[in-house]
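Same order as they appear, the protein sequences are chains A and B. Take the first sequence: its letters are residues 2 to 288, numbered as in our numbering. Take the second sequence: its letters are residues 3 to 302, numbered as in our numbering.
Be aware that a few hints might be false.
Here are the simulated lysine-lysine pairs, DSSO-like style, with alpha carbons at most 30 Å apart [to be verified]: (1) A:K163 <-> B:K48; (2) B:K48 <-> B:K285; (3) B:K48 <-> B:K223; (4) B:K285 <-> B:K223; (5) A:K163 <-> B:K223; (6) A:K163 <-> A:K138.
Pulled from the structure, derived: some chain B residues nowhere near chain A, Cβ distances all over 12 Å [to be verified]: (7) L21; (8) V38; (9) I41; (10) G57; (11) G85; (12) L103; (13) V120; (14) G199; (15) V271.
Computed list of chain B residues with no C-beta within reach of chain A, every gap over 12 Å [to be verified]: (16) N23; (17) Q89; (18) P128; (19) P129; (20) L191; (21) M198; (22) L200; (23) L209; (24) G244; (25) A256; (26) T284; (27) G295.
Derived by calculation from the structure, the hints in this document are not laboratory data. Remember, predicted model here, so these are calculated numbers, not experimental data. Note that the Cβ used here is the ideal one computed from N, Cα and C, for glycine as well.
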Amino acid sequence: MNVVPEARMMNTAWRDGPPPSPPVTLNGAGPATAGPAPGRAVIRLTEVSKIYGRGPGAVHALDRLSLTVGEGEFVCLVGASGCGKSTLLSIVADLDPATAGQVETGGQRVALMFQEPALFPWLTARRNVELALRARKVPRPERGRRAAELLDAVRLGGFADKRPHELSGGMRQRVALARALAQDAEILLMDEPFGALDAMTRDLLHDELERICAERQLSVLFVTHNVREAARLSDRVVLLSSRPGRVIEEYQVPRTGQRRIDSASVAELAATITDRLRTEMRRHGGG
Amino acid sequence: MAAVKTKPTGGQDAALTGLDNLELGQPLTAAPARTVRTIWAATWPKLLAIALVLGVWQVAYVGDFRGDRTSGLLKSPATTLSGLWTQLQHATLWGAINVTLQTAVQGFALALLIGSAVGALVSRIPPLRAAIGSMISALQTMPSIAWFPFAIIFFGATRSAILFVMVLGAAPSIANGLITGVDYTPPLLLRAGRTMGLRGIALWRHLILPASLPAYLAGLKQGWAFAWRSLMAGELLVILIGQPPSLGVLLNTAQDNQDLAGAIAIMIVILVIGIVVDMIFTKADLIVRRRRGLIGSSAA
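Next comes chain B alone, as it looks inside the complex (with noise of 0.2 Å):
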């Protein structure tokens, strides 16, 4: 440091560049890289989890223990998946999960709306969330299925009703997301955006939404699983005549046919949309975080 004695100049950027790059010394994204190997690790706890199910079901197959076998309700698993696989080779149950995820992208986006611009109004306005900011967290607690008499009386039997209790059960969880995002702005960076002049709009688009985004995620996440429980509890209780069927007039047909291998299989179709879903949402909000450096960049 004996060197850094005159006014700034090439000993003074060495010295401070020096400093930078010991800091910086440890490599910052050292990515693995996705081998063979970081992929297995990954998979051959779900694939052990599965396997277990599995095993449990065909003990439970073998040994008979209440005489399901016998009466011919409970069928193995092996069964079972063959069965799937049959059905996923026939039009109709890839027409009903096209049906299904129809109404779920409609009702989701529909929630996503309201939800969105309720959570934006009620943080912005105080006197709005006085209001009505409690009764939506109130609203998240009601369970969807009993909105559904009152959706049925008020639309009929009709796929309005099953999108308005979807609404119903996915905009609080939206839009309180919003709304913690916005309260959790550190207030900091309120500041520091305020002495730059971001203003009004500016403010909101450039630092108030970015800054709630990770909470605005998480209600999102939340949204879609009350969305997809709505959308199933309304698939079996409203009958749609005339209409191509869903998954859940499927399960419907399966009950009253006394098909529990049936039933087991779109159960594992509607479990394995739910899943695939959330681990969408689950990898954007990883990737959000990240960006932000609210997790280590090794964490998977």
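Isolated chain A, as found in the complex (with noise of 0.2 Å):
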């Protein structure tokens, strides 16, 4: 097994040398194009492997894991529980060390959104913002301004001075979302970031991220347990096996313009990943 205990490697110049190539399997979903993820890779998993625990109790949350997501690319991990999607955002973003294997982001920075927003209830959603610019040292005077930007861009410009709990749960989810662009990243990590919101509020909000996706230009890697919000949102979908954590199976999303939930495509592609995540389920019934 040729893996590198705890390796991290930022600021490489990996992106030079010719890439390792990882294990992809590529499945049909309609008339997917195989092929390299369009522009270069911001994130680079390799043999990735997670073990919470020693001896026989020991849990195997991630085993070899091997991922990439390329510049621009929307991709969403699905997979049943305890498959590590968390564990897996956790140790991109930096949060927890791989046991083994590589993970690279090139040195891009990355910014994280959780299912909870995890404001600070005892800040404004303005203070809020600001105060990841102030994380990244971005000075006093500047802050206000960007912060107004930021809110505007998730359309909640009149509700700046309203604290966490005087919004409603998407709002909050939106102030998460302007906190986490005013990282600067490149890179955004959503771990189930509409999961506890109801369904008309998540529909607007996949409107509201694919806007500001493209506009920023920005790489996702989306953690959800809905088919179908993978198939509405990604350019390509991952399909995760359970404990240990693995990929079984990628599915390339056509880019064909305006998607939506109930787009026949997306339900098209919902029903084919549902039936291979039933199929991996099965495996742990013992059927």
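Take the two lone chains, each set in its own frame, and fit them into one complex as the hints suggest.
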């Protein structure tokens, strides 16, 4: 096994050299275009494993998982419970070390969004965003202007002085998005960010997210257990197995203009993925 | 919703904005107007409680069940309160209040400094927590009056002895409040802070300390109660020679003179000061919790 323990290579020149080709399975989801991810890779995971605990009680959350996300690509990670989706994001965000394998983000800045907004309740929406700017050492006079811009970008310009508890769930999540954008990251990691929202709000936020990612050319790694959401948003859907988490299937989603959650193509892809996911679950059911 | 078909343009924005407006449809902070009616609603129960106490007292006085009135020990509420009123016209009582409050502020400030420093260190340094973490709680259970023999032997009958016991009484509560606050900082917020790039001092200043504020305030409030009790015990036990009299000294004098009315009058003063300071802490706590949405804005 050719793994480097706890290797984390930042700012390396790997992009110039020949990139190691990860085991990518491309499987038919309509006219899937096989080939490399669009643009250069901004996230490259090579044989990443994560083991919690030691000895017989150890849990293999991730097992030699390899994955790349191209520049400007929107990749959704889908899988049943226990596939280590959140663990994977924590590792990419450098909140958690990998047990083995390589995680490369090419020195790009990474922002992470959670299922909960995780806003600081004692600060107003504006101050929450400003704090992220401050953590990045943005000079004070600039902070107010940038925060106002970001809140406008998530269409909350009129609510800058509200505290989180005065906002609705969807609005809080948009403030969290503004805060993530304030980190001026090239890579946005999202851990089921719309999981706690009602369907109608979620649909509207899908449109918003799509617009913002396109405007800012963000590369997104988006974790969800909602297959339709994945089919709606992504350029590529990556299906993970459970315990240990491994890539079992990838679905390239052709960019065919405007997509909606109830589009036929979205529904078709979602059905394909769901079938494959059920097969994987049956494996755990002993059948 | 049929209109929302195009790429995010006007229709899309309008849908989102419309949803926002609908979700926030109900008035957010319909602060009740502080009318005479609401003030009265908050006041009459308190007035009733005071009236009840005075009523029981009056009954005891009129009934004279133990013969305390005939022996001249028990005075009527009216006599006692008018005695207090007379004392309030004189400089002696105000001087005593001044002396006591100065000690209170000094002792509490010391306890605040020491308690906060100890709390910050213990919550940050695991070995230190293992060493003295449980001792802080043990100190809290120690009745402060039990420290006085030690303090008087060590410092003599001085103001320092009183301050020492006040700090020992109040600092553990303050330290514990801070430690609790730090421990209960939501892990999710810590993760959010770390992904934002908050580290070290910045993480403390912008995340851990503000997150700890409610528990810290609760610690301060409890610390004040301990400090105030220790101070009263100290003023009764430690007689400072050649100093202007404090409330405790006046209370001692009343005891020496078998002046029950005088003692009750001073006790009322002590009670009122304690209540007023407690109200300040309660108010601060309410403001902090309301700003964080931990209580409804209409709760008073």
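Hint-by-hint comparison with the structure:
1. A C-alpha spacing of about 35 Å is found between K163 of chain A and K48 of chain B, which places the hinted pair above 30 Å, so the restraint is violated.
2. Restraint check: the Cα-Cα separation between K48 of chain B and K285 of chain B comes to about 17 Å, which is no more than 30 Å; the hinted pair holds.
3. Among the hinted pairs, K48 of chain B with K223 of chain B is consistent with the structure: their alpha-carbon atoms are about 21 Å apart, no more than 30 Å.
4. Distance check on the hinted pair: K285 of chain B and K223 of chain B sit about 11 Å apart at the alpha-carbon level, within 30 Å; holds.
5. Under the criterion of a C-alpha separation no larger than 30 Å, the hint pairing K163 of chain A with K223 of chain B is consistent with the structure, at around 29 Å.
6. Distance hint between K163 of chain A and K138 of chain A is fulfilled; the C-alpha atoms sit about 24 Å from each other, no more than 30 Å.
7. With a minimum CB-CB distance of about 6 Å to chain A, L21 of chain B fails to clear the 12 Å threshold, and the non-interface call is violated.
8. With a cut of 12 Å on Cβ distances, V38 of chain B stays outside the contact zone with chain A, its closest approach being about 29 Å.
9. Against chain A, the non-interface label of I41 of chain B holds: every CB pair exceeds 12 Å, the least being about 26 Å.
10. Its beta-carbon lying about 44 Å from the closest one in chain A, G57 of chain B satisfies the requirement of being farther than 12 Å from that chain.
11. The Cβ of G85 of chain B sits about 48 Å from the closest Cβ of chain A, beyond the 12 Å cut-off, so the non-interface label holds.
12. No Cβ of chain A approaches the Cβ of L103 of chain B within 12 Å, the least distance being about 31 Å, so the stated non-interface status holds.
13. For V120 of chain B, the non-interface assignment is confirmed: its Cβ lies about 24 Å from the closest Cβ of chain A, beyond the 12 Å cut-off.
14. The Cβ of G199 of chain B sits about 4 Å from the closest Cβ of chain A, inside the 12 Å cut-off, so the non-interface label is violated.
15. The beta carbon of V271 of chain B is kept farther than 12 Å from every beta carbon of chain A, the shortest such distance being approximately 37 Å.
16. Listed as outside the interface, N23 of chain B is inconsistent with that label: its C-beta sits roughly 10 Å from the nearest C-beta of chain A, within the 12 Å cut-off.
17. The beta carbon of Q89 of chain B sits about 45 Å from the closest Cβ of chain A, which is more than 12 Å, so the claim that it is off the interface holds.
18. Under the 12 Å C-beta cut-off, the non-interface status given to P128 of chain B relative to chain A holds; the minimum distance is some 20 Å.
19. With a minimum CB-CB distance of about 24 Å to chain A, P129 of chain B clears the 12 Å threshold, and the non-interface call stands.
20. Residue-level check failed: L191 of chain B sits 6 Å from the nearest beta carbon of chain A, not beyond 12 Å.
21. Not every CB of chain A lies more than 12 Å from the CB of M198 of chain B, the least distance being 5 Å, so the non-interface label is violated.
22. Under the 12 Å C-beta cut-off, the non-interface status given to L200 of chain B relative to chain A is violated; the minimum distance is some 5 Å.
23. Distance check for L209 of chain B against chain A: the nearest CB is about 7 Å away, which does not clear 12 Å, and the non-interface claim fails.
24. With a least beta-carbon separation of about 49 Å from chain A, G244 of chain B lies farther than 12 Å from that chain, consistent with its non-interface assignment.
25. A cut-off of 12 Å between C-beta atoms confirms that A256 of chain B is not in contact with chain A; the least separation is 47 Å.
26. Non-interface call for T284 of chain B relative to chain A: holds, since the shortest CB-CB distance, roughly 19 Å, exceeds 12 Å.
27. Against chain A, the non-interface label of G295 of chain B is violated: not every CB pair exceeds 12 Å, the least being about 2 Å.
Of the numbered hints given earlier, the model fails hints 1, 7, 14, 16, 20, 21, 22, 23 and 27; all others are met.
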